[in-house]
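Sequence order for the protein chains is A and B.
For the first sequence, the numbering used here gives the first residue as 1, with consecutive numbering after it.
For the second sequence, the numbering used here gives the first residue as 309, with consecutive numbering after it.
Keep in mind that the hints were calculated from the coordinates and are not lab data.
Simulated restraints, written as ranges between beta carbons of each label pair:
1. Ser186(A) / Glu400(B): 51 to 57 Å
2. Leu335(B) / Ser186(A): 40 to 46 Å
3. Arg421(B) / Leu289(A): 38 to 44 Å
4. Leu419(B) / Val285(A): 50 to 56 Å
These stretches of chain B come out as covered by chain A in the derived footprint (C-beta under 8 Å, 3 or more residues):
5. 348-356
6. 429-440
Among chain B residues calculated to face chain A with C-beta under 8 Å, some are:
7. His311
8. Lys314
9. Gln315
10. Ile317
11. Ala318
12. Met321
13. Leu325
14. Ala326
15. Phe333
16. Lys345
17. Asp388
18. Ile392
19. Arg423
20. Leu425
Beta carbons: idealized from backbone N, C-alpha and C, even for Gly.
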Amino acid sequence: MTHDPLGANVGVLRRVFAWAGDPPDTSQGSKAQAFVVILLTHLMARSWVASWKADSFHLGYALAACLFASFGLLYVLGKPGGPTRRAALWLAAALQCAIVATTFPEVANHRYLEMLCILFVALFEIDRAEDCRSLVAALRWTFVIVLFHTGLQKLLYGTYFDGQFLAYEIAAEERFADFLKYFMSSEEYVRVRGLAGRDPGAGPFAVSSPAFLVISNLVWILELTIPVALMWRPTRALAAVAAIVFTFSLQLGARELMFGLLCANLGLLFFLRPVNRFFIVPLLVIYALLILVAAQPDWLPLPDPEFN
Amino acid sequence: MTHARKQSIAIAMLLALAIWPLIHFGLVQRFGISPWKFGGFAMYCTPNPLLEITIFRSDHQEVPIVPQSALARQHRQYGDAWAIWNEHRPPEAFWNALREAEPQGAPFLVLVRERRLDPRTARMVQRRRRYFWPAE
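Please model the complete structure; the sequences and the hints are all you need to start from.
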């Protein structure tokens, strides 16, 4: 009898894990391959952008970007199922783990998500059908769990029921004000912007405009319900569209474009067909633009890279 | 490695991903650590605290923070650490940089004023902490 590492609860856990999967007769290979290419590009671009942030050039991140690029090249040039590709993925995973470990505790949460993704990609062998199915299921579960928790945390912290958090951000940051001012009355907008000093006792950072309250509460409601819809096959495709549009819009508003792209890459995995293959080139173009914007060469007039 | 073992590892990782944010929430409530860090995925749930860290010397005058000095670096790092780990006494490196910048200034007082958004009242609340060197 084969010993199952998960023990007595193996049946339940594996069945739950399989909820995120597709029918066994569907091919996952090209979908997974596209995800890997986009993920490796993302890791490289992320490190490159990080090397140019703040007021100085960070050599460590630039080196990491070069290494990720090298691993990506190794992967692309390596034989499918061969040791070169396996080595490239494990090296990328090790580098990402090293980045997280050496920047802890300041490391952004997005980095943990990237680390999980590359670890799953390294763990499973895409060229084996059952590994590939498990990889896609693991990545889908990752997206679902993270999205659900972002909604649950908002519910637990209680800062979205009266728009408190968003009102605070309007007072504190231009990027939120630019996006959210259209959902509140001009009087309320002026009042909230007037709280920018955030002195002791300042407030209330709450908004009564109905449209604003709908937006504020819709955020956590969607973060809780979209994951459920993603897990149910009949609603999966529609939920995937909603998830990508929703998360990308949020991250665009927050100017965290990199995280938005990562979410898009994960969201595209939920379609039955390998739809993400058609997005490889557009996404690579976006990453290339972000890399260029981060470097801000003098010979190219570009906007300030106020993004994460 | 067998497929079953790989799947077991993946499931264990996903279980940890599912459970950890709840533990993190508890740690935030109990110890005040940052909701924005540590993989709890509680970003954009509550704003980061606003900090003012002021240093006074023995004659009650404020110690100026010279940009790009060792003290400025320690001052910034202390503020960053406070935002992540919550209130704590400045580390030895901070006091050393301070004594180097103000060799005749002891004893010192570090006053930390922290402002946070109280979600129940939707208003800013402030708390103050004082740290002395030599320690009282």
